[in-house]
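J.: Using the sequences provided together with the hints, build the complete structure.
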Amino acid sequence: MTDGKPTVFLVDDDPGVLKGMSRLLRARGYDVRPYASPQAFLAGHDSAVPGCAVLDVAMPGLDGLALQQALTDSGVHRPVIFLTGKGDIPTSVRAMKAGAIDFLTKPVSSDVLLEAIARAEKTDAEARRHRAELAAIEAKLATLTPREREVLTHVAAGRLNKQIAGDLGTVEKTIKVHRSRMMEKLGVRTVADLVRLAEKAGVGR
Amino acid sequence: MTKGRPTGGMDTMTADHRAVTRRRRRVFVARAVSCAAALVILLAAIGTAAAEPRRVLVVHAFGHPYSPWSDFAASFRAELVKKSPEPIDLYEVSLDTARVRDPQGEAPFVDYIHALLAGRTPDLIVPVGAPSAFFMQRHRAQLYPTTPMLILGADLRRIPGTTLTKYDTGVLLDLDLPAYLDNILRLRPDTTDVAVVVGNSPVERYWTSELQRDFQRFGDRVTITWFNDLTFGEMLRRAAVMPPRSAIFWFLLSEDAAGVPYSQDRALETMREVASVPIFGMGDHELGRGIVGGPLMQTQGIGKAGAEVALRILKGETPSDINPPSVLFGAPMYDARELQRWGIRESRLAPDSIVQFREPTLWEQHRGLVIAATLVFVMQTAFLAALLIHRRRRRLAERLLEESEEHMTFAAASVNLGLWQFDRHTGTLWATDHCRVLFNLAGDAPLTCKTIVNAVHPEDRETIVRALRGTSDPERPAVNEVRVVLPDDQIRWIRMRARSSFSASGRADQLSGNFIDVTDQKAAEADAAQQRAEVAHLMRVTTLGELSGAIAHEINQPLTAILSNAQAALHLLKEPSPDLAEIRDALQDIVHEENRAGEVIGRLRGFLKKGERKTEAVDVNLLVDSTINLLKHELIGRRIEVKVDAAEAVAPIVGDPVQLQQVLLNLVMNAMDAMDATSAAQRTVEISTRMPGTGGVEIRVGDRGPGIRAEQRGRLFQPFFTTKEHGLGLGLAICSAIVEAHGGELSLANRDGGGAVAAFSLPAQEILMAAQ
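Here the protein sequences come in this chain order: D and A.
Just so it is clear: in the first sequence, position 13 is 13 by the working numbering, and no numbers are missing.
Just so it is clear: in the second sequence, position 684 is 684 by the working numbering, and no numbers are missing.
Please note that the accuracy of each hint is not assured.
[Stated by the list, open to error] Pair by pair, the computed Cβ-Cβ distance ranges are:
| id | chain 1 | residue 1 | chain 2 | residue 2 | range |
| --- | --- | --- | --- | --- | --- |
| 1 | D | I89 | A | D527 | 40 to 48 Å |
| 2 | D | T72 | A | E740 | 52 to 60 Å |
| 3 | D | G61 | A | E740 | 33 to 41 Å |
| 4 | A | D527 | D | G61 | 44 to 52 Å |
| 5 | D | I89 | A | E599 | 24 to 32 Å |
| 6 | D | E115 | A | R751 | 20 to 28 Å |
| 7 | D | G61 | A | L544 | 19 to 27 Å |
| 8 | A | N629 | D | T72 | 30 to 38 Å |
| 9 | A | L570 | D | T153 | 53 to 61 Å |
| 10 | A | L570 | D | I89 | 29 to 37 Å |
| 11 | A | G754 | D | K200 | 56 to 64 Å |
| 12 | D | E115 | A | E740 | 53 to 61 Å |
| 13 | D | K200 | A | R603 | 56 to 64 Å |
| 14 | D | G61 | A | G754 | 39 to 47 Å |
Simulated from the structure, these hints should not be mistaken for lab results.
Built from N, CA and C at the ideal position, the CB exists for glycine as well.
T.: Below is the structure:
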């Protein structure tokens with residue numbers, strides 16, 4: 001997010017295409033990081049940098065789809081837009097299933113490309129925000145004692161204190177203490193907030 | 001049908017002989033009568049000194065000569081002298097007793113004979129004729145009663161057997177008198193009158209009565225007039241005025257009614273000269289003297305038969321033991337001149353008749369001349385015939401030659417072939433007429449080197465001149481092709497075949513050969529080449545269809561770059577202060593990418609181009625690069641690696657780059673297809689170029705597929721044979737045809753370690769140049 005410009009990772013083995021598209025995207029205000037081969041991309045890629053990737057499908061050594069798979073396999077959630085010289089349907093279906101934002105046929109008009117990139121950027125931003133929120137929740141959850149976590153699970157499931165005490169083999173009062181301490185640690189004041197948080201964190205699933 | 005004896009020569013000889021005999025006889029008469037005694041004395045003197053001669057006494061009753069008796073005697077005499085082993089001492093007396101009416105007056109004749117023989121006894125006495133025989137019989141007692149006697153030429157009826165003693169025998173006549181008249185009527189059936197010439201001597205009177213008796217039976221057919229009481233003058237007068245349908249029968253004229261004696265031959269000839277009708281005679285001695293002829297008494301036959309008997313008697317045989325048959329008529333004999341004179345056709349003659357005195361032919365008259373002339377004529381004819389035959393043969397040979405030449409010319413012309421011969425020494429050209437047609441020359445244009453050279457396309461004139469100048473191995477004719485431009489600008493191709501023939505001096509002065517119109521062949525070749533090109537083109541289109549994705553990518557890349565740059569530039573221009581340097585860069589990139597796209601399209605167009613096969617120098621390594629470029633995206637798409645092992649400094653080859661690229665493309669694509677089932681790590685196409693020692697360039701394309709199965713081997717180059725699911729089966733067939741058209745050969749083999757390798761070699765440029 002240097003200079004606040006969205007970043008586009010551009011991978012194409014064709015130098016002319018790489019150069020032309022880089023120029024176009026830069027003109028439209030993107031921070032373009034061009035790579036002439038998949039290997040170079042994988043080596044120089046920083047997953048912390050928000051933004052999307054525009055990949056050529058047909059490249060020697062490692063094609064676009066394989067590259068996407070390699071990113072996924074290494075836990076990188078980078079939105080990907082594919083560009084291809086020949087838009088054959090099986091390849092595009094495979095790409096979309098693997099989570100591609102779009103599958104565009106060369107030569108691509110700037111409007112279509114920029115729209116797809118915008119979508120990808122948005123997706124990336126949302127994903128990043130979501131991942132950040134989740135990480136915060138996880139951090140708060142990490143402060144809970146095992147007993148408090150148990151209580152959280154039961155509360156998120158909609159059970160009453162009394163029921164929880166019965167389930168856990170303790171008294172209602174003890175449950176109340178855990179519950180208030182847990183809610184304090186998690187920073188929620190109402191049960192509704194707690195349930196929403198637990199849902200986000202996937203607690204009780 | 002009467003047969004004349006055709007050998008007139010013998011008749012002539014007979015006539016000659018007769019003439020000689022006649023002359024000899026006349027000489028003899030003079031001697032016999034006047035000098036007989038002297039002769040006898042001389043003969044006797046010689047006789048005592050030499051062997052004892054045989055004495056023969058010939059007795060005549062008439063004067064000498066007197067036909068027919070003198071004729072009997074002459075023939076007898078000649079035959080006897082000729083045949084006798086001993087000398088013959090001949091005494092011949094002519095007594096004329098026949099004309100003596102009183103037998104008492106004969107005594108002096110007896111004395112004469114005695115005196116003549118002068119005491120010698122003859123060994124044989126020969127009385128000639130009946131009167132002579134009668135004389136001897138009357139005086140036998142005085143005239144050598146025991147001496148053998150041979151009566152010659154008397155008629156049988158006048159000498160009855162009873163009158164003959166044991167010392168006597170006779171060669172006698174048996175005259176068939178009616179046969180004479182029969183003959184006349186046979187030859188002239190319409191004869192109404194016959195005059196009989198007969199004399200009035202005692203012997204004639206006898207015969208007159210005999211004739212009258214024997215002729216009685218003809219009384220109802222002919223009227224017979226007897227001349228016996230006429231003088232010869234009267235006879236002639238009568239003979240001259242005989243009615244048309246009459247004849248004269250000349251029997252015997254010794255004495256006419258007036259007692260005038262006639263030597264018959266002359267009398268007969270006289271009558272013949274005046275007679276108005278034909279004269280028939282009684283003996284062969286008359287033939288040739290004016291008689292027509294018929295059954296005749298044989299005077300010579302009698303003489304000869306008599307001589308035979310005389311010889312037997314002289315040898316010692318007893319006369320009475322010898323009974324010679326009486327002499328009859330021989331075969332009827334005729335005189336051709338008389339037959340002709342009286343208009344008697346030879347068809348009327350009896351079948352065995354002999355015709356004499358034919359008019360001597362040219363042959364008989366001038367035999368030598370005729371033979372010589374004939375010989376000359378025959379030789380000339382033969383010479384002419386030989387000349388004619390020779391001419392005919394020559395004409396035949398000429399005609400055959402002409403025909404043969406015509407056939408050859410026709411055959412040559414019908415296959416559009418012209419024949420020619422060129423004498424380099426004299427510079428003259430001989431050529432068949434069809435050459436005019438081939439070179440589009442006017443019918444009356446001269447066929448020379450110059451006209452032919454001028455008739456060909458200007459660019460080819462040097463070729464034809466060089467061909468006429470150059471020598472060639474006689475075994476291997478030089479072949480050149482030249483063009484003739486026709487008036488409608490059409491091109492006619494003439495193939496010229498030339499072969500030198502060496503003269504004795506070893507110089508190749510003669511050049512012969514043919515011109516043949518190969519326009520059709522050229523057209524067919526061009527058609528075939530065009531069809532091959534069409535199919536090859538179709539295959540290229542098909543190939544590119546298969547590669548369409550890769551090709552689209554290839555074109556899309558520059559297009560993408562162009563579009564991106566253009567849009568970037570447009571966007572930059574909207575800025576308040578546009579970055580012009582960046583915009584210029586963008587535009588430059590656009591130009592660059594545009595060129596790139598143009599190159600791709602150009603390459604495709606070239607590859608898809610239809611048209612005549614080009615022939616230019618081709619760098620095989622560049623060809624490999626270009627091919628890999630075309631396939632680049634396909635190779636990437638299929639995860640196939642390409643390894644190129646290019647020889648450095650490959651010699652250029654001559655050929656059509658498009659077609660050769662097609663071959664290479666096809667082989668590489670086959671290699672790619674072969675590796676569908678090969679693991680990705682092993683998918684490698686290996687392309688190598690090298691220059692083997694043979695001087696060409698070899699290109700190999702190897703793969704790591706399953707290789708060629710045994711049962712596929714041998715069918716790989718067959719059209720429509722394919723191992724691919726969607727293959728046409730034409731790729732290798734076309735590749736093979738293209739390589740062969742470039743003078744090379746395409747082969748396929750399995751590789752060690754799996755996979756197949758396709759290899760083809762092409763002759764390098766220098767080799768091709770040398771070959772041409």
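J.: Does each hint hold? Answer for all of them.
T.: Verification of the supplied hints:
Between I89/D and D527/A the Cβ separation comes to about 45 Å, which falls inside the hinted range of 40 to 48 Å. Between T72/D and E740/A the beta carbon distance is about 55 Å. The supplied range of 52 to 60 Å therefore holds. Under the hint 33 to 41 Å, the C-beta atoms of G61/D and E740/A, about 40 Å apart, fit the expected range. Here the CB-CB span from D527/A to G61/D is close to 49 Å, well matched to the stated 44 to 52 Å.
Distance hint check: the CB atoms of I89/D and E599/A are about 30 Å apart, consistent with the given range 24 to 32 Å. For E115/D and R751/A, the hinted distance range of 20 to 28 Å is not satisfied, since their beta carbons lie about 52 Å from each other. Distance hint check: the CB atoms of G61/D and L544/A are about 26 Å apart, consistent with the given range 19 to 27 Å. Here the CB-CB span from N629/A to T72/D is close to 34 Å, well matched to the stated 30 to 38 Å.
Judged by the Cβ atoms, the range 53 to 61 Å given for L570/A and T153/D holds: they are separated by roughly 58 Å. The hinted window of 29 to 37 Å between L570/A and I89/D holds, with their beta carbons roughly 32 Å apart. Range check, G754/A to K200/D: about 58 Å between beta-carbon atoms, so the 56 to 64 Å window is met. Between E115/D and E740/A the beta carbons are some 58 Å apart, a value that agrees with the proposed interval 53 to 61 Å.
In this structure the supplied range 56 to 64 Å holds for K200/D paired with R603/A, their Cβ-Cβ distance being about 58 Å. For G61/D paired with G754/A, a C-beta distance near 24 Å fails the hint of 39 to 47 Å.
In summary, the structure is inconsistent with hints 6, 14 from the numbered list given earlier, while agreeing with the others.
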